[in-house]
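With these hints in hand, go ahead and build the complete structure from the sequences.
Heads up: the sequence lines are chains A and B, in that order. To convert a position in the first sequence, counted from 1, into the working numbering, add 4. To convert a position in the second sequence, counted from 1, into the working numbering, add 971.
Hints are not guaranteed to be accurate.
[Said to hold, decoys possible] Listed below are several chain A residues computed to face chain B (Cβ distance under 10 Å; list not exhaustive): (1) 57; (2) 59; (3) 63; (4) 120; (5) 255.
Everything labelled a hint here was simulated from the structure, so no lab data went into it. Quick caveat, the model's predicted, so the values are computed rather than measured. We put the CB at the ideal spot given by N, CA and C, even for glycine.
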Amino acid sequence: MKLRKNLFMLPYLFWLLLFVILPLILIVVQSLIGTDGQLTLANFVSFFTSGTYLSMTVNSFIYALIVTVITLVISYPVAYILTKLKHSQFFLLLIILPTWINVLLKAYAFIGLFSQSGWINQFLGIFGIGPTQLLFTDFAFIFVASYIEIPFMILPIFNSLKTINGEYIHAANDLGATRFQTFTKVIWPLSLDGVKSGIQSIFIPTLSLFMITRLIGGNRVITLGTAIEQHFLTTMNWGMGSTIGVILMIIMIASMKLTNGSK
Amino acid sequence: MKKLALLSGVILFFCLLLGLGSSALNETPKESGKVLNLYNWGDYIDPSLISEFESETGYHVVYETFDSNESMYTKLKQGSNHYDLTIPSDYMVEKMKNDGLVQPIDKSKLNFLNEMDSSIMGLSYDSQNNYSIPYFYGTLGIVYNDQYVDGAKLQSFTDLWRVDYRHSMMLVDSARDVIGLSLISDGHSLNTTDNSLLKQAKEKLDKLAPNVKAIVADEMKMYMIQNEAAIGVTWSGEAAEMLKNNEHLHYVIPKEGSNLWVDNFVIPKSAQHSDAAYAFMNFMMRPENAAKNSVYLGYSTPNVLAKQELEKTQDPVLAFYPTADQMKHLEVFEDLGQDAVQTYNDLFLEFKMYRN
Chain A
5 MKLRKNLFML PYLFWLLLFV ILPLILIVVQ SLIGTDGQLT LANFVSFFTS GTYLSMTVNS
65 FIYALIVTVI TLVISYPVAY ILTKLKHSQF FLLLIILPTW INVLLKAYAF IGLFSQSGWI
125 NQFLGIFGIG PTQLLFTDFA FIFVASYIEI PFMILPIFNS LKTINGEYIH AANDLGATRF
185 QTFTKVIWPL SLDGVKSGIQ SIFIPTLSLF MITRLIGGNR VITLGTAIEQ HFLTTMNWGM
245 GSTIGVILMI IMIASMKLTN GSK
Chain B
972 MKKLALLSGV ILFFCLLLGL GSSALNETPK ESGKVLNLYN WGDYIDPSLI SEFESETGYH
1032 VVYETFDSNE SMYTKLKQGS NHYDLTIPSD YMVEKMKNDG LVQPIDKSKL NFLNEMDSSI
1092 MGLSYDSQNN YSIPYFYGTL GIVYNDQYVD GAKLQSFTDL WRVDYRHSMM LVDSARDVIG
1152 LSLISDGHSL NTTDNSLLKQ AKEKLDKLAP NVKAIVADEM KMYMIQNEAA IGVTWSGEAA
1212 EMLKNNEHLH YVIPKEGSNL WVDNFVIPKS AQHSDAAYAF MNFMMRPENA AKNSVYLGYS
1272 TPNVLAKQEL EKTQDPVLAF YPTADQMKHL EVFEDLGQDA VQTYNDLFLE FKMYRN
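The following block contains the structure:
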């Protein structure tokens, strides 16, 4: 029986090795190779001594933070209300549905909404507010990025809220807790795991978003993803691109440690 | 359990069948040897010409596409493919030549060389055209919308810096083109590798930043057609597509000069059907076909007879052909080597980051 169990593990282990561990090793190795093909730390040195990359990192951080906070502020109440609804599965499906549509298509849809002759400007025009520049602004980028990420925040929070045993809340009420106290002392701590995994699945991907930065941000919003794309596709400096990738991974591990450590 | 085993057996069997079937389908043309593996830019040929070529010669064209010179280069360099013909731009021809990725072209097999425009032949990247034959050429220029911009005031790259164009232009997302236009506006070469000059060019670009609305790629076509921006800096063929869809748009080749780019047929070292490649080149450069292709794409054909044919019918595509006088001020990109390419791109990234 034990052998059989291990046998079932085999495809998973194989998958892990081939598509997770091996690529990670490749990226780390690649990041240590300079433009001359020699083993070197030069890529890391140039990353940490270049004002461009550092300010880009700070920029990406700020954008990712804003997007994460916005999605959290919107998602938590939504997830909470969803758990109270009779047909929560149906409404959940409505939230998941947009994730089935390709991100690129969604981006183009937003171009149609935000452009000078788009619906939003037409609507504003009714009130005599002349066409305003919506595309290529920080607002547009943060709006679209938040929109795309929201389902990934709602789902884990919804799941963790759903598993809270209702008797805890009854108990809190019986013991004289106000509704606010019940929320801060019982519901919030118990749903924290969902919040954490939501943050993790949004913060890091947002750091390296790149298609949206060009399509919606018009390259006026630059994240680390833009730099990686450029190093792999234009300058063919894979070493530097991998270096930024490694740094992103380190940030990711640090942020996971941070969110998990605050228990 | 037995049922499960049977079911998985059936599925496996069908998979095997499908696999065999598809590999058999892929191999049929190869065996007969009548195949051309063409590796071209996306949407860079009039598709009706491909079917005409197929029915005329009996070759089967396998058309694969790339979206940048660099990605094409990477794929060829990694090997394990057998493209018979591909179409890199000028500086990339030089790089591929230096890296031994292309084979010499047997000019005796080409029947159109005496019809080629001499100003497009023998350029610096391949001075004898031993490895490359021009397919299309074009320029980098300015598209403006006459509803918002007075064309008489916008005739050069220098004009882009005018204060009345605040927040109204789009630039192509290409490091060498954008830094290049800054270099040209100061009278420097597009192939400058001097770091202090490049820095100067970047600082000048920072002053352009308040005028720049966005730095975009293919989307620019859509944006310009929808009147999202008044001015766009882009390539002539892209501009042709925009002009077709919005009558208010016009194309200007800047008067201080610009980039002349040339996309060329080259035969990779690993090509297996070079006869097909020669047949294809001869077919595509036949004057009537070259003219048809030029009208379809909006780029300029280097075949003189084809151009004359277009002149006979006064085709609007001729507006995108640089005049002999303009030609004198145009400059071709050279391969600057990894370090300089890196510098250009780092500076470009800095420019993108610049906020005023």
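Evaluated hints:
{"no.": "1", "hint": "57", "result": "holds (9 Å)"}
{"no.": "2", "hint": "59", "result": "holds (7 Å)"}
{"no.": "3", "hint": "63", "result": "holds (7 Å)"}
{"no.": "4", "hint": "120", "result": "holds (5 Å)"}
{"no.": "5", "hint": "255", "result": "violated (19 Å)"}
Checked against the numbered hints given earlier, this structure breaks only hint 5.
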